[in-house]
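Trainee: Listed below, chain by chain, are the residues.
4 protein chains.
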Amino acid sequence: MLSIGVDIGGTKIAAGVVDEGGEIIAATTRSTPATDPELIEAGVADAVAELRAHHDVVGIGVGAAGFVGADRRTVKFAANLAWRQRPLADQLERLADLPVVIENDANAAGWAEYRFGAATEAKHMLMMTVGTGLGGAIVLDGQLIRGGDGFAGEVAHMTAVPDGQWCGCGRKGCLEQYTSGTALVRTAKHRASAGDSLMGPLVQAAGGDREEIDGPLITRLAQEGDPGSRELIAELGSWLGLGVSSISALLDPDMIVVGGGVVAAGDLLLDPARRSYGANLTARAHRSLAPFVAASMGNRAGIVGAADLAR
Amino acid sequence: MLSIGVDIGGTKIAAGVVDEGGEIIAATTRSTPATDPELIEAGVADAVAELRAHHDVVGIGVGAAGFVGADRRTVKFAANLAWRQRPLADQLERLADLPVVIENDANAAGWAEYRFGAATEAKHMLMMTVGTGLGGAIVLDGQLIRGGDGFAGEVAHMTAVPDGQWCGCGRKGCLEQYTSGTALVRTAKHRASAGDSLMGPLVQAAGGDREEIDGPLITRLAQEGDPGSRELIAELGSWLGLGVSSISALLDPDMIVVGGGVVAAGDLLLDPARRSYGANLTARAHRSLAPFVAASMGNRAGIVGAADLAR
Amino acid sequence: MLSIGVDIGGTKIAAGVVDEGGEIIAATTRSTPATDPELIEAGVADAVAELRAHHDVVGIGVGAAGFVGADRRTVKFAANLAWRQRPLADQLERLADLPVVIENDANAAGWAEYRFGAATEAKHMLMMTVGTGLGGAIVLDGQLIRGGDGFAGEVAHMTAVPDGQWCGCGRKGCLEQYTSGTALVRTAKHRASAGDSLMGPLVQAAGGDREEIDGPLITRLAQEGDPGSRELIAELGSWLGLGVSSISALLDPDMIVVGGGVVAAGDLLLDPARRSYGANLTARAHRSLAPFVAASMGNRAGIVGAADLAR
Amino acid sequence: MLSIGVDIGGTKIAAGVVDEGGEIIAATTRSTPATDPELIEAGVADAVAELRAHHDVVGIGVGAAGFVGADRRTVKFAANLAWRQRPLADQLERLADLPVVIENDANAAGWAEYRFGAATEAKHMLMMTVGTGLGGAIVLDGQLIRGGDGFAGEVAHMTAVPDGQWCGCGRKGCLEQYTSGTALVRTAKHRASAGDSLMGPLVQAAGGDREEIDGPLITRLAQEGDPGSRELIAELGSWLGLGVSSISALLDPDMIVVGGGVVAAGDLLLDPARRSYGANLTARAHRSLAPFVAASMGNRAGIVGAADLAR
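Chains as they are written, first to last, in our numbering: chain A, 1 to 311; chain B, 1 to 311; chain C, 1 to 311; chain D, 1 to 311.
Excised from the complex, chain A in its bound form (with noise of 0.2 angstroms):
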């Protein structure tokens, strides 16, 4: 039994008709014009005519990033395209004429890690997704963790520090001001500006302009050994720990996996992870650890996730 599970990007729109074993077994992308809803939702519809001309498939699942609806058809509210309240699966479904389920991308990247990838050992798995922000996605017993409204999962904004950092979402000291690419490469820059003579191999490395700095940057000296970029990446760990830390006192996960670009520190992200998870659990004396893992399915997880949650 196939399905086709749609990944729509920023930038980009890409599907793939996805067995029940989790193969992508055929693949094609389309631009994604931005600003547009319903030429999305006509490039989304063309990807799936291409795929279904030779693919017998059941359903269409399709992630999308931004705020789904707990009934997985309507997208609430997207940052970076043109929906709101956006009847997708309605729009897709007259399109396509197949059944359409909508939903979050990282809850679709989440659900094939805990099917398919890191995660298929775990019961109880806690994802988070260290990119450009920090995504979140939570599976219990089977079950993808959705809300009332269809918004949980949201780690990102979870108060870190009271009266910390502002945050693109109007608040203070969000998890994600902390634990992100962005907040890596800002805290690079800042210190850099600062004078800090740890961050000279990294300028250096910039070309000499500080506002050059960027993430595979930091990853890349850091793991050629440079101390500054080491010391950043690990602070980044640190928060990250602290935070699944808390989340683990309200849900008890038994396993942590660590997705996101930022993951290509490998151990240098999630050792600091690691010690800051254990040093903050509460109780561990009485419980055991749970493992952090690096993400297996790359960016094929939203595919295969929003395939599977099609099916």
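Please note: incorrect hints may appear among the correct ones.
[Said to hold, decoys possible] Part of the chain C face toward chain A, derived, beta carbon under 8 angstroms:
#	residue
1	G164
2	Q165
3	W166
4	G170
5	R171
6	H190
7	R191
8	S193
9	A194
Don't read these hints as lab results, they were simulated from the structure. Quick reminder that beta carbons are idealized off the backbone N, C-alpha and C, glycines included.
Model the placement of chains B, C and D on the given structure of chain A, informed by the hints.
Mentor: Positioned in the frame of chain A, the structure of chains B, C and D alone reads:
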């Protein structure tokens, strides 16, 4: 179909026969010999035997303060009772010859509110129990969330303030240090010791000795209009709302039930909690705000919830 | 005995002849060519020449925004003007043939308040200037405190919140990020963006565009009774009072002068500051509380203070 | 010209004849009858009489733990001794018939370091005394800073963490709660109670009872290379450096003297303090970093400083 619920507290064992509507149709108590596990178990068995003499029951549910294993059979650790890795369900099944289920007491109470009390209309409930300490229970889509080790729902030990107040659990800044009856009283005493004139009426009502200030006194003066006492309860409410806003980012519950002794202050507590929750909830322009309601089952919740979980 | 005071701001050079009573008996201005140090100096010399044509003066005092060396002769660094290690006193003495003293502008203004303004009754004064940014000046027993490098009085960059808001200085949690006109406006915009209904009147008064909210608008609405604007100013006042309580633990001043544009809000700012200071001052049962008073010399303070320091 | 210095501690009165070079040329002690002011004063007078039998002195300086009035004649409040608004100078002048000056003990010790000890090269000195608690002294350009009520130098009660650890002074988050021997030991005990394996060697060295951990034990194990003890002292050092960076923004001292029992850890404490100070000092690219040096006068500082202030 009747079952028996047992609530093992620090000083008293309370047991009752509960029907399918959540009503207690017979009840009894024993005192709790806290230092001897076998005596506690004998007390439970004795209370159960008394109740079974007149009622036909299908099982026993036991709520206990402490960490209960995910299989609901073993108390891993209890701060105030002499249990360490105690196979409580096995012991009681041997004594009573009936199936036994063990549950954390806050979870049992939360389950009772979800099934029969303040949250019967809720789909996804968060319960916060603000008593001497802070307890929590989470029910999502009819499932009581227990986690990998059975330790879920420990809202008390989420980090509210990095490097904040030391907690008895060995960590810094736990939410319980800001949102509990103990925190309320400690704040009053510290402010009084520092010569804060707003604490004057409280000290006077405590017979001039600030060490005699306790939670019920603060609640009573607040209800009588004392500005200092109202400020203390409002501050606690603000922390409660801030904590709930973080949990809501993660789980998006559609109802918040507030229980415990401090809820006697009513809207003096709940209104500041609602305000703080509303002000700190991410994406609030795009979602519903969950109502904050007072728990409705009082002390019965532990017995009723435990009994219902045993069916 | 007359002297000349010069206040070099980002857009204007203001100069005046000042008598021993702190009165400005003649004044003139030039525009500030911010990017060319020599043009600024020529402008100062030109203004001085105009004033000396009619008045006999003994020296020149110059107040400038920036870090001024402990010897009062060199501007080490100025964020908004093109000075780096500039021997400003030497330059001006050459041009004007009179002794020249350089001083940080906040220090000059503080000195004027101490000698002739709101703090003539004080022995130990702390001045907090809450404008776009946050400035400070300390006078203890008649001595303006300058420090080893001349950098004393930088109240803006004391740490108010560990891991708090990033500051332009490259550090996290500086007091200026919580106690300045910039912080005031940023908070309003963030709360408005998050859909906080209390910010509604402000957005409306800004023509419906929250990006048009500014400090004077918030002050005006606060004075007209708008609860949201009052809350914003009161919150700023609370941070101000908290900062002053820490400084008072260290220096125990007997008067607090509050200057800068935000003080236009009067007691709407000062009362919350007083409350927060009183609540947070250590050992307050055993000491006097210092009065918080508004600065009284307005824009003249820079000229008058600089001139007086030149005598 | 000789003078007598007296250091009144919680258990012992130490007195000495001090010459103009800061040398103690004769000394004696009495025990401190803490609960009876008149007995303390009689003890001081007796010690003074003994010393005067063989030395001609011009005055008496007394250092006492507590809040001493700005006129240096009255002890306003002392936590550990039975003085409340006690006119100590009057009493002693009557008993000894010599001019008497009273000073806070941390101030007296700081003055001794400035005049004869580690800071003779300094112009503007900050002294931080990290003992059981945290003390401070400030000398700017040869003036000991005392403030309007004589309460200056209370570095302990600057706010380090908003809503942080409660302090005995009735406030939250005082620097002393993070930078003192008491904080050091409390952290070790809490971490041990939470099952932190890094605390294992400390618990073992304390005979298996974590309640027996004390400061000297932590210092000794740190010096022997124990990673957990080193981490504890380094963390204290980081808080110390952060506190000093805030004070330096305000006062810009050119030397930091660190005294008190914890300084026995030497560079294990001072290096992390230097790093944290350097990383957190504003505008550090444009200024000198002040050296951190260990106090050099030990227990003698109180006697020597008090005696010198009496001249």
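Trainee: Which earlier hints can't be squared with this structure?
Mentor: Of the numbered hints, all hold.
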